Amino acid sequence: MPRDVITEVLKDQMRNATEFNPGDTIKVTIKIVEEKKARRQTLEGVVIKKRGSGSSATFTIRRLSHEVGVEHTFPLHSPNIEKIAVVSEGKVRRAKLYYLRNRSGKATVKVKQKVAKKTT
Amino acid sequence: MPLGLIGKKIGMGQMFDGGKVIPITLIEAGSCYVIQKKDIDRDGYKAIQLGYGELKKPNRPLRGHFEKTKVSPKCILRELRVENPDEFEIGEEIKIDIFKQGERIDITGISKGKGFSGGVKRWGFRGGRASRGSMFHRAPGSIGSCAIPSRVHKGKKLPGRMGNKRITTKKIEILKVDMDRNILIVKGPLPGHRGSLLLLKKTVN
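As you go down the protein sequences, you meet chains A and B in turn.
Quick note: the first sequence, position 34, residue 42 per the working numbering, numbers continuous.
Quick note: the second sequence, position 203, residue 400 per the working numbering, numbers continuous.
Isolated chain B (complex conformation) (with noise of 0.2 Å):
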C-alpha cells in the first residue's frame, strides 16, 4: 500500500548519533484529509486526493467539494496514485504515523530558483583563471563546431534558469517521528526553502 503524505519543510539542525554529528531536517508533516476517490471508470486511474492546512474563504465551486467531504476546506490538495483507492474513506484523516522509524521514503519539493545562472554555476563548468593574464574567466567557451553541424547540439550545457524545479530525493532515511507534534526528523538535505510545500511518499522498491 503506497500511501503518502503532505508536508512543510521546517528547517535543518543537527543531532548526534553515537559521537558522530548527523545533518538533519525537520518537517511538519500535518494531519491530511481524504478527499476524494478516482477509480478507473470514473476517471479513468485510481488515486486518491489528500487534503492539507485550513483554507480560510473557500470559493463556491471548493466549498462544494468540501461539503460532499464533511471535511473544513484545505487549502492544499494533492493526488496520490493507489493501488486499491476503496481502501480509504473519504475525511479519513492520514497522519505521520504511516511513517516508522528507520524507513525510507521519497520526498517531492520545488528547489529553491537560483535565478538566470550562468554555466559553472549551473553546470559546474571549471571556467578560467582569475587573474595573471587570464582573458578567460566564467564564460561558457565553445558551444560546439563549425560548419559540419552548422547548429548547436540540442541539450547543450548553456546558462539558463536554474532551480525552481520539482526535484524528488529519493531514499531518504527517517529517524524520528513525533507523533504529538506531527513533526517527522529525516537524514540529510531536501529540496525547497524553509515552509516550502513537500509530498512524502514510501519508496516503492
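Pulled out of the complex, with its shape left as it was, chain A reads as follows (with noise of 0.2 Å):
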C-alpha cells in the first residue's frame, strides 16, 4: 500500500510521456545549464537498459562518441530532458544489453536487429 501512495502523489513529477524500450535507438535533447547560459545537445544512441519505477525510473543510452562507446544514464522524468524521440525500433532478446559492452568497432557496438516489420 505505502508504494501505491508514493507513486500517486509524486505523479506530477513525471514529465516524460514517450514510450521506448531496451534495444531502440532515441534521440534524447537535454538542456544543460552553463553560467547562466542554457544550451541543447542532442544524444543518438541506444537504450541499453531501463530500470526504477514511477518518479525514479532511470534509462541508459550507449553510443558511439569519436569510436569510443559512451554511456549516459539519465532519470526518465529528469526536467532537464526537453524531449525523447525513437528513431528506430530494435528487436532484443533481453532487457538489459550489457553484451554490447563486449563487442568492439564502430558497427558491432550499434548493431542491432532492427524489427522485421510484419505486415500480417
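Heads up, a few of these hints could be off.
What the hints assert, rightly or not - For the chain B half of the interface with chain A, some residues (derived, Cβ under 10 Å), not all of them:
1) M212
2) G330
3) E370
4) K373
5) I382
Don't read these hints as lab results, they were simulated from the structure.
Note that the structure is a prediction, hence the values are computed from the model and not measured.
The beta carbon of each residue, even a glycine, is placed where N, CA and C say it ideally should be.
Using the hints, build the complex out of the two chains.
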C-alpha cells in the first residue's frame, strides 16, 4: 500500500510520456545550463537499460563518441530532458543489453536487429 | 505558538528540483484532535493532549476519557507542551495546514533497531585489514590502560544495542503540503521504518 501512495502523490513529477524499450535507438534532447547560459544537446544512442519505477525511473543510452563507447544515464522524468524521440525500434531478447559492451568497433557496438516488420 | 502533529512515515521517494534529484520522505500526518488540556493548577505543566488514529476497542477507562471530548477513541495519544492551552478547544481538529511549504520542522521518531552491533557499525571504528595475514578484523581493540585507572572509563564506546532509540531530526524542510491526502513531503530521510510513528513539531528557534 505505501508504495502506491508514493507513486500516486509523486505523479506530478512524471514528465516524460514517450514510450521506448531497451534496444531502441533514441534521440535525447537535453538542456545544459552553464553559467546562466542554457544550451541544448542531442544525444543519439541505443537504450541499453531501463530501471526503477514511478518518478525515480532511469534509463541508459549507449553511443559512440569518437569511436569510443559512451554511456549516459538519465532520470526518465528529469526536467532537463526536453525531448525523447524514438529513431528506430530494436528487436532484442533481453532487458539489459550489457552484452553490447563486449563488442568492439563502430559497427558492432551499435549493431542491432531492427524489428522485422511483420505486416499481416 | 509552537504546534505539532502526530503522523506516520509512508516511505521515501525522489523529486526534481530544477535538474537536481532530491531525496524526499512522505509523511501521512493525519487529523489530530485535542483530547485534553493540562494546566499548571491541576497538572503542574501546560500542555495539550493530541489523539491520532482510530481505536477500535477502547477499554473502560479510555472510553470515559474520550466521552468527555465527543471525539471517537484514538489509539495514539501524545502530549505537546504549549504556552497557552486555552487557545485550543477540546475536540478541536488539527490538520497539516498548520505547516507551510518552505517551513522547517523538527521530527521525532524511533530509529530502526540494529540489534547488538559491533564497534565498527555502531561507532565507526575502522577495524583491521581483512586478509594478508591480518589477525585483527572488527574487534574493538584496547579499551583502556592497565593499573592506573584499573577500570574502564565511563561512556567507553563498545559494542551493544544500536538503534531503536528516540531520535529527533531537526530543521527538516517542508517541500509540499498536500491537504487533500493529508500528506506532507519533506526533504531528506527520517528515523524509523515505513509506517512508524512520527511527532512533528515546529522548530522553536
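Hint by hint, here is what the structure shows:
{"no.": "1", "hint": "M212", "in the structure": "holds, 6 Å"}
{"no.": "2", "hint": "G330", "in the structure": "violated, 37 Å"}
{"no.": "3", "hint": "E370", "in the structure": "violated, 17 Å"}
{"no.": "4", "hint": "K373", "in the structure": "holds, 8 Å"}
{"no.": "5", "hint": "I382", "in the structure": "holds, 7 Å"}
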